[in-house]
Amino acid sequence: MYYWHWLRHIVRRPFTTGFPTEPDPTVARMADSGAVHTVTVPEGPFYRRSVALRHVDGGSCNGCESELGLLTSPDYDFSRYGFSFTPSPKHADILVVTGVVTEAMIPVIVATYEQMTAPKRVVALGTCAIDGWVFRDAPGVRGRLDSVIPVQVNIAGCPPTPADILRGLWAAIEGEPPPLPHRDGASHAEKQYELVKGESR
Amino acid sequence: MADNRLAQEVFFAGTHGGEYGEWLQAWQAERAEGIETLLLDAHNQSLSVWGLDPDAHRVTQLVWRPPSPDSVWAADPAPSRVGIRETENAEPFIARTWPALPWSSGSPVVRGKGVFFYPLGPVRADVAESVEYRLAVMGDEMIHVDLRAGFKRRHVRTLVVGRYIDEAWPVVTRFTTTSNVHHTLAMALAVEKAWDISVSPTHTLLRTLFAELERIVSHLGDLAVLAVSTGLPLPQMEYLHLKELVLRLNYRLFGHRYLRDLIVPGGVQLTQWPQKADVTWALNTLATVYRQSSDIASGLLNTPSFLDRLHGAGVIPASTVAQVRPVGPVGRASGVSFDVRQALPYVAYVSHPIQPCVETSGDAYARFQVRVRELSVSLSLARILLEEWRDLDTGVQAARVLQMLKGPPLYSPGLGIVEAPRGLLVYGLYPHKDSGRIEHLAVATPSMRNWSAVPEAMANHNIMQDFPIIDASFSLSVSGWDG
Ligand code: SF4
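Keeping their order, the protein sequence lines are chains A and B.
Note that numbering that gives the first Met the number 0 has the first sequence beginning at 0, numbered continuously upward.
Note that numbering that gives the first Met the number 0 has the second sequence beginning at 0, numbered continuously upward.
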């Protein structure tokens with residue numbers, strides 16, 4: 000019977016982190032100051048209270064999905080900022096695309112984007128969606144989401160941690176990610192991003 | 000290492016130069032004797048199937064070389080109709096090697112009054128990988144299911160051809176991130192067999208620890224999805240919290256939430272050296288996860304609404320089990336008592352034997368039970384390994400190993416056979432005989448095989464409302480299929 004669990008959770012302290020509005024050392028350590036890049040500062044008014052996300056897998060390795068799925072967990076609970084997932088693109092406000100963007104998925108991504116009503120924003124989740132990462136040279140891989148649809152925010156990382164995804168979603172609404180409570184030098188994601196950009200094969 | 004030698008002794012069951020059908024019959028005869036099929040591979044103008052004899056702990060290879068391709072193909076029956084279903088996923092691959100081969104893997108067309116088609120995907124559910132289900136429904140019942148994959152091919156196997164081992168590493172670890180430890184482990188075992196590299200006991204122990212931590216994360220995530228598919232968000236949240244707890248433990252101990260880039264040829268590579276205090280903390284965390292996950296599972300087992308939905312949902316028909324031989328928890332829930340950790344022990348499973356958790360009913364409930372029991376086993380084993388692990392030696396000289404991998408291999412191919420969270424995972428590596436660059440890489444992932452059991456299990460007297468439960472109880476990855 001599940002009632003005992005339910006009662007126990009009522010008296011127990013919540014698992015949910017205050018991050019990114021409050022400092023949380025455990026979660027902040029997993030966030031990366033260089034992970035979130037605002038590509039084009041979103042213009043115009045946007046929803047702030049109830050933001051529905053539609054996720055499309057454009058050819059990922061399922062790491063980004065695993066982290067994105069954890070946003071619903073009690074530890075991150077993105078619904079406290081008004082976020083939710085929606086099955087229908089027509090109800091969606093933010094399109095989150097993961098993976099390398101294969102040629103087979105381009106029409107699907109475009110159709111999903113077109114079905115969304117304005118105002119809408121697009122987030123490229125993971126280094127794969129930003130520039131193809133290690134799969135750039137694979138046959139049938141486009142490798143850049145911004146060559147298919149306009150992108151407002153890039154979230155780098157392989158995979159980006161849920162903390163970074165939260166900050167990236169925040170940036171998609173506000174134009175800027177919330178400040179990180181701590182930073183020490185160039186971050187791992189920054190280095191990784193530079194590595195991808197500088198690498199020529 | 001004992002495990003290195005085990006799989007190196009490949010027993011050639013025979014080379015067939017005649018009809019394709021004869022070779023298939025030889026393969027079927029092998030299976031009738033209880034030899035598990037590991038890997039089907041088309042390479043170098045020959046078709047070979049690798050098998051594992053679980054009793055003799057021996058790997059066999061059955062090769063077929065077409066004498067004159069054109070004449071043979073014209074006279075031959077369509078291969079996938081012969082009754083061995085693993086060929087289906089290899090078909091595109093084989094068809095590329097021999098374009099003259101007439102493949103006819105078309106599925107039956109379902110038509111009739113009152114039959115409705117639901118195309119579902121590739122954009123589906125909340126957060127899901129891209130695959131398309133085509134459900135044929137009559138009334139409430141699903142009468143036929145077709146799967147369309149191939150939306151997300153990243154061509155991992157093509158991409159690594161011509162690369163040195165270290166250059167291929169970043170791609171291999173991104174085949175499927177939720178089992179990246181096992182992908183790199185299988186690749187590392189294959190490399191170590193090809194170049195005959197030995198691994199120090201501490202590194203072997205750590206590799207096993209990584210593997211078990213990955214299995215724990217994977218099973219916790221799968222159980223969470225299964226719980227919510229029956230409309231129970233509370234256990235879902237509790238499982239997700241435990242998953243996040245273990246991911247944070249991974250991060251704190253080893254510097255990456257999914258333990259990426261830790262396994263390298265010749266050993267493990269740690270950028271972060273865990274402190275002793277952290278090990279004590281990790282042991283306590285794993286104990287908490289063990290206690291709480293058993294608590295959630297017993298709660299679910301006492302929830303009639305959960306059990307009602309699972310019992311009898313998505314039973315894999317016996318004929319499909321015989322043809323496909325599903326692997327991993329899916330296979331073990333259908334009575335296939337096969338676990339690589341027991342059948343062909345590798346890394347530290349040699350000294351820590353594992354008994355396969357087997358159920359026979361083949362429904363969603365059995366798959367739930369197998370996962371729950373395997374989760375407890377993995378949690379106990381991870382704690383034992385953490386306790387055993389004392390000081391790290393400097394066994395691996397990365398530079399020396401890397402230099403070696405740019406030279407000729409001693410054996411080819413090298414085989415790496417592991418039990419990934421979703422089941423049997425095999426890497427067959429053919430390095431170039433002088434330069435050591437990859438000439439050919441064959442991979443058999445558990446998802447490739449298990450997906451072919453999904454349509455039959457769904458169209459087996461289930462109604463539409465069972466679809467998410469059956470889908471969740473299989474918990475297969477699309478990236479492992481479409482790699
Ligand atoms: S960014 Fe990394 S985790 Fe995300 S899809 Fe690409 S390879 Fe996978």
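Since the hints were made in silico from the structure, they are not lab data.
From the three backbone atoms N, C-alpha and C, an ideal C-beta is built for every residue, glycine too.
Be aware that one or more of the hints could be misleading.
What the hints assert, rightly or not - If you anchor each label on the Cβ, the simulated ranges turn out as follows:
{"#": "1", "chain 1": "A", "residue 1": "Thr-39", "chain 2": "B", "residue 2": "Gln-354", "range": "55 to 65 Å"}
{"#": "2", "chain 1": "B", "residue 1": "Leu-282", "chain 2": "A", "residue 2": "Thr-116", "range": "34 to 44 Å"}
{"#": "3", "chain 1": "B", "residue 1": "Glu-386", "chain 2": "A", "residue 2": "Glu-173", "range": "23 to 33 Å"}
{"#": "4", "chain 1": "A", "residue 1": "His-4", "chain 2": "B", "residue 2": "Ser-411", "range": "46 to 56 Å"}
{"#": "5", "chain 1": "B", "residue 1": "Arg-399", "chain 2": "A", "residue 2": "Gln-114", "range": "48 to 58 Å"}
{"#": "6", "chain 1": "A", "residue 1": "Glu-173", "chain 2": "B", "residue 2": "Tyr-410", "range": "35 to 45 Å"}
{"#": "7", "chain 1": "A", "residue 1": "Val-109", "chain 2": "B", "residue 2": "Val-278", "range": "44 to 54 Å"}
{"#": "8", "chain 1": "A", "residue 1": "His-4", "chain 2": "B", "residue 2": "Pro-352", "range": "47 to 57 Å"}
{"#": "9", "chain 1": "B", "residue 1": "Gly-334", "chain 2": "A", "residue 2": "Ser-146", "range": "31 to 41 Å"}
{"#": "10", "chain 1": "A", "residue 1": "Ser-49", "chain 2": "B", "residue 2": "Ser-304", "range": "27 to 37 Å"}
{"#": "11", "chain 1": "A", "residue 1": "Ser-146", "chain 2": "B", "residue 2": "His-56", "range": "24 to 34 Å"}
So, going through the hints one by one against the coordinates:
1. A:Thr-39 with B:Gln-354: 55 to 65 Å: Roughly 57 Å apart at Cβ, these two residues keep to the hinted range, so it holds.
2. B:Leu-282 with A:Thr-116: 34 to 44 Å: Since the Cβ atoms of B:Leu-282 and A:Thr-116 sit about 52 Å apart, the hinted range of 34 to 44 Å is violated.
3. B:Glu-386 with A:Glu-173: 23 to 33 Å: Once the Cβ atoms are compared, 47 Å apart, the range 23 to 33 Å for A:Glu-173 and B:Glu-386 is violated.
4. A:His-4 with B:Ser-411: 46 to 56 Å: holds (54 Å)
5. B:Arg-399 with A:Gln-114: 48 to 58 Å: Holds, since B:Arg-399 and A:Gln-114 (Cβ atoms, about 56 Å apart) stay within the stated range.
6. A:Glu-173 with B:Tyr-410: 35 to 45 Å: Violated, at about 58 Å.
7. A:Val-109 with B:Val-278: 44 to 54 Å: holds (50 Å)
8. A:His-4 with B:Pro-352: 47 to 57 Å: violated (35 Å)
9. B:Gly-334 with A:Ser-146: 31 to 41 Å: violated (49 Å)
10. A:Ser-49 with B:Ser-304: 27 to 37 Å: holds (30 Å)
11. A:Ser-146 with B:His-56: 24 to 34 Å: violated (51 Å)
Violation of the numbered hints given earlier is confined to hints 2, 3, 6, 8, 9 and 11; the remaining hints are satisfied by the structure.
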